[in-house]
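A.B. asks: Required output: the full structure, derived from the provided sequences and hints.
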Amino acid sequence: MATASSVIVKPARRGATLSQQRMIAGFLFVLPAVLFTLAMFIFPLIMTGWMSLHNWPLLGQATFLGLQNYVDMMNDRQFWASLWFTTQYTLLVTPPIFILAFVLALLVNTALRGVGVFRTIYFIPVVIGLGTSSLLWVWLLNDRVGIINGILLDLNLIQRPIIWLVDKNLAMFAIIVSIVWKTVGFSMILLLAGMQAIPDELYQAAEVDGASYWQRLTHIMMPLLRSTFALALVLSVIGSYLAFDQFYIMTRGGPQNQTITAVYWIFNNSFTYYKLGYGAALSIVLLVILGVLSIIQLRVLRDETTY
Amino acid sequence: METTLEGVTIHSPGSRIRRRAGLIAWYAIAIILAALFLFPIFWSTLTSVKPPAEASAAPPTYLPSSITFDNYIKLNKYGAGIARYIFNSASVALITVFGTIVLSTLAGYGFSRFHFPAKNVLFIMVLAALMIPFQSILTPLFLLMSMVKLQNTLIGLALVYITFQLPFGVFMMRNTFDTVPREIEEAALLDGASTWQMLTRVMLVLVRPGIITVAVYAFLNAWNEFLAALIIMTQEANFTLPIMLTSVRSGYYGAIDWGALQAGITVTILPCIILFLLLQRYYMQGLMGGAVKG
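Keeping their order, the protein sequence lines are chains A and B.
So the first sequence is numbered by this note's numbering: it starts at 1 and just counts up by one.
So the second sequence is numbered by this note's numbering: it starts at 308 and just counts up by one.
Treat the hints as calculated values from the structure; they're not laboratory data.
Computed from a prediction, not measured in an experiment: that's the story for all the values here.
Just so you know, not all the hints are guaranteed correct.
[To be verified] Derived list of chain B stretches under chain A, where covered just means 3 residues or more per stretch with a C-beta under 8 angstroms from a C-beta of chain A:
(1) 359 to 366
(2) 383 to 392
(3) 458 to 471
(4) 544 to 554
(5) 568 to 576
(6) 579 to 593
Using N, Cα and C, we set each Cβ at its ideal position, and we do this for glycine too.
C.D. replies: Laid out in structure tokens, this is it:
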């Protein structure tokens with residue numbers, strides 16, 4: 001019996017140390033990423049909250065203010081104007097991206113020869129930088145050297161060049177066109193992946209039943225794409241709400257600060273006026289708004305999917 | 308009479324013509340759209356090799372009278388010279404790629420194959436950054452970088468970018484390790500491989516597609532990023548390409564050199580497009596990996 005028990009115990013004890021070793025090994029493997037996240041993400045996040053309670057100049061001593069920054073925000077006209085402008089921009093830019101992305105996805109959802117080339121081409125603007133593409137569009141839209149005015153003039157569609165980026169509404173329109181060009185491929189690919197996940201048998205069955213193309217689209221594809229729509233919508237709305245590069249480069253926030261977005265206003269406070277505490281308070285508010293936005297969107301779209 | 312429904316539709320002459328017309332229409336629309344999508348990039352690249360006078364002509368001219376690289380030579384006169392800015396952007400991007408790969412692969416392996424206390428909490432913590440926009444922590448990151456004297460350095464900017472890339476990288480690598488069958492590990496264990504050898508000799512080869520995907524995203528995002536670079540880099544010599552381009556756009560004494568700007572834009576976007584064309588498969592895998600998660 002003694003030999004038998006020692007035979008049983010020995011591997012068990014060895015097993016325990018092995019699993020302990022594996023536990024330590026696993027922890028060590030994730031440790032660098034965890035420490036990095038703590039130092040560069042969690043700590044700055046907590047610090048944003050802490051700074052938001054202070055008057056925090058770039059140089060010199062920070063002084064504790066309590067919630068004064070948040071009170072100041074209520075009376076900050078530009079803060080409200082920026083939030084409203086960002087909301088307007090998000091509401092205006094989302095539908096064209098979605099409609100065009102859906103149409104493009106329908107177009108390239110086929111096995112025709114060469115379709116891969118077209119998918120790639122429509123996607124290419126996604127991989128270039130937003131800052132760089134904004135500069136590109138500043139030039140395309142320029143009233144003197146820009147090709148867009150050049151073509152419109154040559155076609156006699158306009159009599160004199162349009163100065164796109166100096167008027168708030170024209171600038172909004174021009175920026176939306178540039179952003180649709182830059183980002184529509186991304187939503188297209190998401191929708192295409194959703195479309196390709198729908199089994200062909202469903203369409204074939206409907207076709208046998210005499211359903212038209214339009215009926216198959218609205219009764220089979222669109223309902224089944226709901227979760228894909230939800231994902232693409234959340235990503236697109238959050239991306240639009242964080243808009244900065246295109247306005248910083250294309251309008252510089254003008255005319256008269258009319259195109260200052262929420263992130264732009266944070267940037268101005270933190271890095272132009274060096275009111276770092278106030279910038280931090282604005283960041284916290286933006287975080288809350290985005291959190292609420294994505295929860296609402298996911299709720300709404302998820303509820304509908306459950307029928 | 309025995310022909311199937313599909314057979315009947317294909318063989319009726321009317322529908323063959325309709326099918327033909329449909330095909331032609333499809334290609335016509337697809338090609339016109341492709342031309343519209345490519346036009347801004349094509350036009351910028353074409354303008355960059357026009358003679359400078361034609362590149363800045365108002366109203367714009369269409370085809371160049373000759374092909375020159377004068378705009379690139381003029382571009383090189385801005386700031387510290389274009390070579391310096393390419394070096395800055397490439398260094399930041401490559402450090403970001405290296406750091407992201409190392410941290411993500413180690414963490415992905417750990418999260419996929421090992422059990423340890425608080426594993427799920429740590430995993431969620433690392434991934435939390437996916438849900439919190441980096442724009443909201445830029446102010447303290449800027450201070451942090453100043454404190455450790457890394458503000459205005461290529462390493463400092465790369466560290467910020469690694470932070471932004473880490474959640475996606477860890478998520479991607481954890482999933483990639485999850486797809487490797489456990490039998491492979493068990494066989495290697497029986498052969499007496501240590502945990503570290505397992506990772507470096509056995510697993511690394513198997514998870515290479517995931518690593519390439521993470522690397523492509525890290526490179527493109529670091530190369531293209533604008534706002535953090537604008538904040539972290541305050542000295543012209545340390546600018547990355549997108550920031551440097553805004554100073555080309557500001558021009559000397561307010562006069563914008565449009566030809567030089569197009570040369571700069573071409574230099575900035577061409578590497579991205581080439582990289583994407585070469586590694587498209589990996590890029591799309593990353594997109595789908597992220598999509599499935601959502």
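A.B. asks: Could you run down the list of hints and mark each one as holding or not?
C.D. replies: Status of each hint after checking the structure:
Counting residues of the stretch 359 to 366 of chain B whose C-beta sits closer than 8 angstroms to any C-beta of chain A gives 4, which meets the bar of three, so the coverage hint holds. A stretch counts as covered by a chain when three or more of its residues have a beta carbon under 8 angstroms from one of that chain; for the stretch 383 to 392 of chain B and chain A the count is 0, and the coverage is violated. Under the rule that three or more residues need a Cβ within less than 8 angstroms of chain A, the assignment of the stretch 458 to 471 of chain B holds, with 4 such residues. A stretch counts as covered by a chain when three or more of its residues have a beta carbon under 8 angstroms from one of that chain; for the stretch 544 to 554 of chain B and chain A the count is 5, and the coverage holds.
Coverage of the stretch 568 to 576 of chain B by chain A holds. Counting CB-CB distances below 8 angstroms, 5 residues qualify, and the rule asks for three or more. Counting residues of the stretch 579 to 593 of chain B whose C-beta sits closer than 8 angstroms to any C-beta of chain A gives 8, which meets the bar of three, so the coverage hint holds.
When each numbered hint is compared with the structure, a violation occurs for hint 2 only.
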